[in-house]
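Student: Spelled out from the first residue to the last, the chains are:
Number of protein chains: 2
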Amino acid sequence: MALTLAFLGLGVMGYPMAGHLARAGHRVTVYNRTLATADRWAVEHKGHARRTPAEAARDADIVFACVGNDDHLRQVTLGPGGTFDVMKKGAIFVDHTTASAAIARELYAEAARRGLHFLDAPVSGGQAGAEKGVLTVMVGGDGAAFERARPAIDTYARFVKLLGSAGSGQLAKMVNQICIAGVVQGLAEGLHFAKAAGLDAAAVIETISKGAAGSWQMDNRAATMIDGKFNFGFAVDWMRKDLAIALDEARRNHARLPLTALVDQFYAEVQAMGGGRWDTSSLMARLEKS
Amino acid sequence: MALTLAFLGLGVMGYPMAGHLARAGHRVTVYNRTLATADRWAVEHKGHARRTPAEAARDADIVFACVGNDDHLRQVTLGPGGTFDVMKKGAIFVDHTTASAAIARELYAEAARRGLHFLDAPVSGGQAGAEKGVLTVMVGGDGAAFERARPAIDTYARFVKLLGSAGSGQLAKMVNQICIAGVVQGLAEGLHFAKAAGLDAAAVIETISKGAAGSWQMDNRAATMIDGKFNFGFAVDWMRKDLAIALDEARRNHARLPLTALVDQFYAEVQAMGGGRWDTSSLMARLEKS
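Line order of the protein sequences matches chains A and B.
Counting in the working numbering, the first sequence runs from 1 upward without gaps.
Counting in the working numbering, the second sequence runs from 1 upward without gaps.
By construction, these hints were calculated from the structure, which means they are not laboratory data.
Any given hint might turn out to be false.
Just so you know, same-sequence chains aren't split out, so a pair can sit in one copy or run between any two.
Think about it this way: if two alpha-carbon atoms lie no more than 27 Å apart in a straight line, the pair counts; the simulated BS3-like pairs of lysine-lysine are [claimed, not checked]:
id : residue 1 : residue 2
1  : K241      : K89
2  : K132      : K210
3  : K241      : K210
4  : K229      : K210
5  : K195      : K210
Build the full structure now, drawing on both the sequences and the hints.
Tutor: And the structure:
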C-alpha cells in the first residue's frame, strides 16, 4: 500500500534510505538542512522537497529522520518549524538517528501527548548497507506502531527487531558500539604485534580469521588496516559521539565499561592526530605512530 | 603411507589429536607424564605407551608434542629422557604447545645441530576442534619439513599454514590471543551494559551479531555469558600464560599492547575471584561482581 511519507536528513545514510522508500512506490517528501541536497534528491526520485521539517511532515503517515545528534533531533521535532505540532493524529515518527535513550523517551512522551507515535530506530550497516538496503534496525517503542512502520522500514533493512519500550533501540545500538570498540582495538593490537614481530600479517589473518579470534572487523577491515588506509568508512568523530552516549548511559546505570572508556580516549588521540574523519579502524594508525 | 609416529602429552588436546593419527592408520607410540593416561590411550587406539619421551620417540619419523609450557617442552626435548638425543636423523619434531617464539627458535637450532627438523605449530580450535579434527595450525620452520609433516597434521586440522621461519607459528598464535582479549572484553562490556540498562540481552545479540559488532565469540559465547556459565572452555590460567608470552614478545619488539596488558590484569582479577579454571569469557563475571 502506497503511503505518504516524509524523510528528514539526507546524509550518507538518509539519502539512499529515502530513495528505497520512493522506489517502493511511496509518496516521499524530503527535508534537508542543506536545501540543495533535498532538491537534488527530489529530482532524482520524482519526490518533493520542502523548506522546513513541518512542511515536509504535514500530510505524512510516517515521518522518518536520520539527523546528526540529540540537538538536531530536538530541532526537527520540537523546534521552530518542527514536525510534532503539525503531524496528523496517529502518525508515526521513526527516528534513525543514533541518539541518547533519554531523548528517545522524552520524544516518545511528547509524541504521546499529541496523539502521535514515536519509535527510536538506530541502524547499523553503514553507507554501503544503506545503499544496498540491507541495514540492521534496532527499535524501541510500542508494538502497534512498530508493526505499522515495519513494511516501510523493510525497504532498506535486512533485519528489523523491536527490542522493548522507548529507548531500547538506542540502548541496543550502544551495545553494538561497545562491542566494536573492543574488537577493533584488539584487532589493531594483534596486527601491530604481527608487524613488529616481522610476520606476514595478511597470512596470519587468513589463518586465524575462521576461529575464535574471528570477527566482522577482521574480515572487513584487517586488509586496509595492514595497508594503513583509513580515508573511508565510519568516522572517528561519529564513533566518539556514540561512545559518549554509551558512557553517559553507563554512568546512570552503574555499568562498568573500562575498555570502552579507554578506547574512547584512544579515539581522542586519533582526533589529535588529525584523524577525526578516518574510519574507526584507525586505532591502528595510533599504535603505529612513532 | 603409514608412518611411525610418537605423541608426547595426552591432555584434552593431545589425547584426541593422537587418536586421529592412529585412526588414519599410522603406528603411534605415546608418552604422557601421568602414565595411566598413556596406557588408557594405548588400549583404546591399539597403540603403544612408553615410560619416557625418548623411548616413545626412538623409531619415529615424526614426533608430536602438546605439553604445558616452555619448561615442559624443554624437558621432553633436551631434558633427561628427552627426545632430541635419540631421534632418527632427518626425523621431524612438531610442537603443538603454545610456547614462546624464543624456545621455538632455540629448539629449531638444537634440532638442526643434530640433523633433525623442528616445526613450531600451535593450534586453535580448543578441545572440540581437537576431537572433531578441525583445528587450525599455525606453523613456523622450513618448507621441506612442513610438507613432509603436513599429511599427518591434516588428520586433525581443517586449516594448516606455514607462516615463516622458526617461531612464526608461535607469533601467529600470539596475534590470535591478542585479538581474542579485545573481542571478549568488548563483548563482556556490551552484555553487562545491556543487562544494566534492562535490555533483553539475547534479543540484542540476535540483532547485532550479523553486523559490524559480530564475532566468533559473540556467536559462541554470548549465550553462556548472559547465563553466567563459565565452567567449560579455555581456562583463564592458560590464557594468562599465553598473554604473558605475547606481552614479553611485545616488550622485545617495542610493540604497544595497552588493551592486551589491561585485559591480562582483568584476568588476574578473575583468578583472584577463584576463576582460574573458568573459560576466558568469564571477564563477564568480573564486571558483574558486586
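Student: A separate judgement is required for each hint: does it hold in the structure or not?
Tutor: The hints, checked one at a time:
When the C-alpha separation of K241 and K89 is checked against a cutoff of 27 Å, the pair qualifies neither within a copy, at 33 Å, nor between copies, at 63 Å. In this assembly of identical chains, the alpha carbons of K132 and K210 lie at most 27 Å apart whether taken from the same copy (26 Å) or from different copies (15 Å). With identical chains, the CA atoms of K241 and K210 are at most 27 Å apart between copies only, with a shortest distance of 23 Å across copies and 32 Å within one. Taking CA atoms no more than 27 Å apart as the test, K229 paired with K210 passes in both settings, with 23 Å inside one copy and 24 Å between copies.
Only within a single protomer do K195 and K210 lie at most 27 Å apart by alpha-carbon distance; the minimum there is 20 Å, versus 29 Å between protomers.
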